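Q: Here is how the chains run, residue by residue.
Protein chains: 2
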Amino acid sequence: MALLANDLLLRALRREPVPRPPVWMMRQAGRYLPEYRAVRAGSDFLTMCRTPALATEVTLQPVDLVGVDAAIIFSDILVIPEAMGMTLTLDEGVGPQFPRPLRSASDVSGLRRVDAETDLGYMLEAIRMTRRELDGRVPLIGFAGAPWTLAAYMVEGRGTKQFAIAKRLLFEAPATAHALLDQLAIAVGEFLLAQARAGAQVLQLFDSWAGALGPEEYRTFALPAFAKAARIAKQAGVPLIAFAPGGGWALDEIAEATGADALGVDWHQAPQDARVRVGNRAVAFQGNLDPCALYAPVDEIRRRAHAMIRGFGRVGHVANLGHGILPDTPVAHARAFVDAVREWEWNAVDDATSSPTLATVA
Amino acid sequence: MALLANDLLLRALRREPVPRPPVWMMRQAGRYLPEYRAVRAGSDFLTMCRTPALATEVTLQPVDLVGVDAAIIFSDILVIPEAMGMTLTLDEGVGPQFPRPLRSASDVSGLRRVDAETDLGYMLEAIRMTRRELDGRVPLIGFAGAPWTLAAYMVEGRGTKQFAIAKRLLFEAPATAHALLDQLAIAVGEFLLAQARAGAQVLQLFDSWAGALGPEEYRTFALPAFAKAARIAKQAGVPLIAFAPGGGWALDEIAEATGADALGVDWHQAPQDARVRVGNRAVAFQGNLDPCALYAPVDEIRRRAHAMIRGFGRVGHVANLGHGILPDTPVAHARAFVDAVREWEWNAVDDATSSPTLATVA
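Line by line, the protein sequences are chains P and X. Residue numbers for the first sequence follow my numbering, beginning at 1 and rising by one. Residue numbers for the second sequence follow my numbering, beginning at 1 and rising by one.
One should not assume that every hint holds.
A pair holds if it fits inside one copy or across any two, identical chains being indistinguishable in the list.
Within a straight-line C-alpha distance of at most 25 Å, the following computed SDA-like cross-link-like pairs (lysine to any residue) qualify [to be verified]:
(1) K228 / I186
(2) K161 / G211
(3) K228 / D299
(4) K234 / P17
(5) K228 / R112
(6) K234 / G136
No lab work stands behind these hints, which were simulated from the structure alone. Model, not experiment: these values are computed from the prediction.
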């Protein structure tokens with residue numbers, strides 16, 4: 001393996017000095033790219049996930065076409081429930097579904113224990129193949145869904161606005177919920193470990209439905225399982241990013257419980273508020289431009305990208321969107337965002353005009 | 001008109017001493033009640049809204065059947081866009097839709113100016129009829145949707161997870177967005193004024209999709225229009241409750257801008273955090289039990305209701321859910337929540353064990 005030609009991401013995650021923040025975009029290998037749609041026209045989404053050559057091809061596209069500083073392996077968070085024995089379908093326009101969702105304690109106890117190497121080998125192979133193709137240009141990020149988010153999908157059978165059926169399980173049958181979350185925490189943590197061993201140089205845990213829970217349930221159910229998965233994954237010795245959209249109020253608790261190197265910040269939260277929330281903990285941030293801001297004219301995108309960079313400050317920031325890029329985003333606008341970050345130079349900025357860093361907030 | 005036999009709501013909104021908080025539930029006239037479903041079986045939702053006798057009947061049901069301390073007139077926030085000339089449909093299982101959503105500046109300039117008395121007279125008549133039927137037992141709440149929430153529906157045509165089309169308008173055509181929001185602010189404010197003149201004793205403004213916007217867009221677009229509507233409504237001289245779910249981070253700014261007497265708090269935010277957020281502003285709170293908590297056993301519902309009451313403290317709290325009650329909530333559980341609030345006695349509580357009130361937080 002070649003040394004990394006571009007290690008900005010790793011340096012920012014370690015909170016080392018960088019001339020500018022690294023930049024990548026959640027869902028950067030996605031439908032806004034015509035080249036992605038061309039691959040997608042020949043294969044359904046799940047086939048792309050399961051075919052390492054296809055997953056590798058689309059993983060590389062944003063590196064080649066948009067100039068991001070990191071690749072993230074193309075896959076889906078729902079591969080774990082599928083490996084546990086659930087049937088996963090993905091119909092056009094409907095989104096991923098489990099036609100036979102979990103609805104009882106016996107459904108939960110019937111789930112298989114996952115062996116990442118045998119059950120999810122296709123993703124590990126995609127990671128190995130992508131690492132070879134990247135040849136050290138930029139680091140590769142592996143990822144998984146966090147236990148609560150996976151549990152919410154598994155119980156509902158599909159994404160919903162409120163996740164009321166999944167929450168009903170927490171309130172009505174907390175012991176069953178804990179059993180499910182604990183089993184998922186182990187599967188998720190071990191899967192991330194396997195991804196790092198296959199070559200992922202950074203790991204990200206997505207608790208996409210953190211915002212479906214109020215503080216008491218988040219602390220009782222979601223956070224302990226998130227933390228357990230994170231602690232297992234941390235054994236890999238590579239940096240871990242924890243992203244819990246809708247959980248901005250809990251950034252300090254998430255940092256504490258997971259030991260993550262960086263916290264994803266969604267677009268609901270001002271960068272300065274995220275910094276204030278974690279106090280003087282030595283943690284980096286990733287985020288957080290509203291994906292809808294990429295609808296704005298390119299001058300406005302540039303202004304907002306720079307405001308975001310100033311907002312997070314010069315230490316420990318990975319520039320990203322605050323949620324996945326939307327399919328109807330103009331490619332030129334995605335590029336304008338990436339370019340705006342790439343042109344930034346901290347050394348050219350008068351320190352007096354920069355926004356608070358940890359040192360000034362603490 | 002009779003004097004109010006139960007004026008707990010008005011006293012709590014004025015932050016006067018009360019032996020216990022008043023309690024009502026958002027969507028309390030709704031599908032969880034068999035008696036509501038019986039009315040609904042004979043009429044579609046919009047017909048119920050437009051027929052004062054039916055609206056009055058279901059408005060009274062939770063007062064009679066569940067024992068809440070306030071009635072809220074049965075209606076829908078989308079009656080204003082309809083009065084502006086948009087076609088509103090409501091198909092079973094799909095939710096309200098505008099088949100011809102606003103997609104251009106000329107669509108916006110083609111909207112009619114609303115005259116509440118002539119265009120929305122059916123709701124004013126329902127308010128007058130309900131006041132007669134209530135005969136002073138409990139106060140009646142009138143309401144309307146806030147401009148941003150209405151605009152989001154009008155542009156999207158229906159509820160969505162992300163409101164990306166509506167947000168695209170803000171980013172791509174801010175002048176058109178401001179024109180729409182301003183026109184809505186006037187219509188909403190005047191409609192609330194008319195409701196108060198028809199007999200509504202309290203008014204509530206729902207900015208249900210506040211959470212779809214990040215801080216910059218919320219401050220630029222949603223909040224000024226919300227505030228304009230609120231300031232017009234305040235001319236009625238009755239208490240105003242401002243509820244912006246997902247906007248908990250902005251409670252202080254909402255209090256300042258709207259001059260509302262009370263702020264709704266959604267279930268994402270701990271009661272103490274809401275208190276801290278507004279500092280020493282003299283504002284009451286309304287909320288905020290997670291509607292999903294009504295799935296819990298009744299003992300647990302009681303425990304959580306009491307924890308919520310302690311959390312908000314004894315001055316200026318209206319007990320409520322943090323979002324609308326869900327259709328599959330057992331009636332006995334809704335009653336358990338209401339009963340738990342009704343049995344509370346502040347005077348029986350040792351002050352030393354009560355949670356922070358404004359005085360101790362400030």
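Q: One pair to classify: K228 and R112, alpha carbons no more than 25 Å apart. Within, between, both, or neither?
A: For K228 and R112, the Cα distance is within 25 Å only inside one copy (19 Å; across copies 57 Å).
Q: One pair to classify: K228 and D299, alpha carbons no more than 25 Å apart. Within, between, both, or neither?
A: neither (43 Å within a copy, 30 Å between copies)
Q: When no copy is specified for K228 and I186, does a C-alpha distance of 25 Å or less occur within a copy, between copies, both, or neither?
A: Result: close within a single copy only, 7 Å intra versus 52 Å inter.
Q: Measure nothing new, just compare the shortest in-copy and cross-copy C-alpha distances for K234 and P17 to 25 Å and report within, between, both or neither.
A: within (23 Å within a copy, 53 Å between copies)
Q: Go through the copies and call it for K161 and G211: within, between, both or neither, with a Cα cutoff of 25 Å.
A: For K161 and G211, the Cα distance is within 25 Å both inside one copy (10 Å) and across copies (13 Å).
Q: 25 Å Cα cut-off: does K234 pair with G136 within a copy, between copies, both or neither?
A: Classified as within: same-chain Cα gap 22 Å, cross-chain 63 Å, threshold 25 Å.
In summary, the one numbered hint that this structure violates is 3.
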